[in-house]
Amino acid sequence: LPYGAGGSHDLTARAVASVAHQYLGQPLLVVLKPGGGGAVGSQQVIKAKPDGYTLAFGGTGPNTVFAMVQKVPIGPDQFTPVARINHSPTIFAVRADAPWKSFRELIEYSKKNPGKFNFANTGPWGAADLPMRLIARAAGIDYNNIPHDGGGPATLAVLGGHSDATIGFSPQLLPQVAAGKMRALAVTDTKRHRDFPNVPTVKEEGFDVVFTMWRSALAPKGTPQSILDRLEATFRKISEDKSFLALIRGLGDDVQFQGGKEFDTTWRQEWEMFSKVVASAQK
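Here the sequence shown is numbered in the working numbering, starting from 5 and rising by one per residue.
These aren't lab readings, by the way, just hints derived from the structure by calculation. Any given hint might turn out to be false.
Said to hold, decoys possible - Listed next, the in silico SDA-like pairs over lysine to any residue satisfying Cα-Cα at most 20 Å (straight line):
hint, residue 1, residue 2
1, K37, L160
2, K120, N148
3, K185, G10
4, K51, H25
5, K185, L160
6, K246, Q260
Please work from the sequences and hints to get the whole structure.
Encoded structure:
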């Protein structure tokens with residue numbers, strides 16, 4: 005896992021691991037290797053022996069956006085996809101006692117107070133950083149961009165008063181919102197999130213920004229097809245497991261399974277699309 009503890013990737017991976025032993029015949033261990041915007045953990049898997057025992061739990065942030073922006077070889081040409089588990093939109097959230105009651109209010113504050121809004125991201129060009137860059141570009145605001153090693157540390161920074169807001173996924177933010185510790189202001193999807201029905205999309209608030217992130221099991225290049233087939237079949241069974249589905253839905257997500265070859269096509273299509281988005285965000 006190329007992120008720190010407590011984020012949506014970590015929570016999803018642990019949900020996978022909680023039932024995997026039933027289908028693998030042995031435990032599946034979640035090993036955290038944060039750092040370098042996801043490059044540290046990703047490169048460790050790329051260099052691992054291609055025997056099926058070491059996989060990356062990759063995502064849009066490190067393995068598409070960061071790989072593309074920083075020209076780091078941790079993208080679709082460096083892995084063989086095993087299976088996609090799901091994908092989800094991000095949620096823009098602040099502390100519950102923050103002065104902004106709406107996304108528009110925060111944008112207006114940032115316009116009137118350039119450079120005073122502190123944003124906790126989850127790593128350079130990651131799942132919080134890119135959508136915030138796109139929002140800032142669309143809204144015409146300046147802000148202080150503070151990097152962290154994953155969604156968990158970024159959320160803690162907001163809860164601790166060190167940053168004003170973050171962008172994260174439902175698994176990490178829903179418990180904080182439900183507990184009254186944070187307030188969700190906007191969703192980066194084309195529609196409202198089922199767990200945040202009263203929270204508007206960024207597009208509803210007047211800014212044309214949409215961003216979602218996938219979570220997939222990725223194998224090192226050179227992994228034998230027989231092993232890939234067995235692993236894909238295992239992840240398919242996991243994705244249909246009732247206990248696993250309940251855990252994922254409890255995190256505020258849904259399963260959108262894809263096999264390895266199907267996801268490889270999806271990933272490369274995304275790569276082409278985000279190459280244009282990133283080029284626009286860098287201008």
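For each hint, the structure was consulted:
1. K37 x L160: Answer holds: K37 to L160 is near 19 Å, not above 20 Å.
2. K120 x N148: holds, 7 Å
3. K185 x G10: Distance ~16 Å between K185 and G10 Cα, so the pair holds.
4. K51 x H25: Violated. K51 to H25 sits at ~25 Å, over the 20 Å cutoff.
5. K185 x L160: holds, 11 Å
6. K246 x Q260: Judged against 20 Å, a Cα distance of about 14 Å means the pair holds.
When the structure is compared with the earlier hints, a violation turns up for hint 4 alone.
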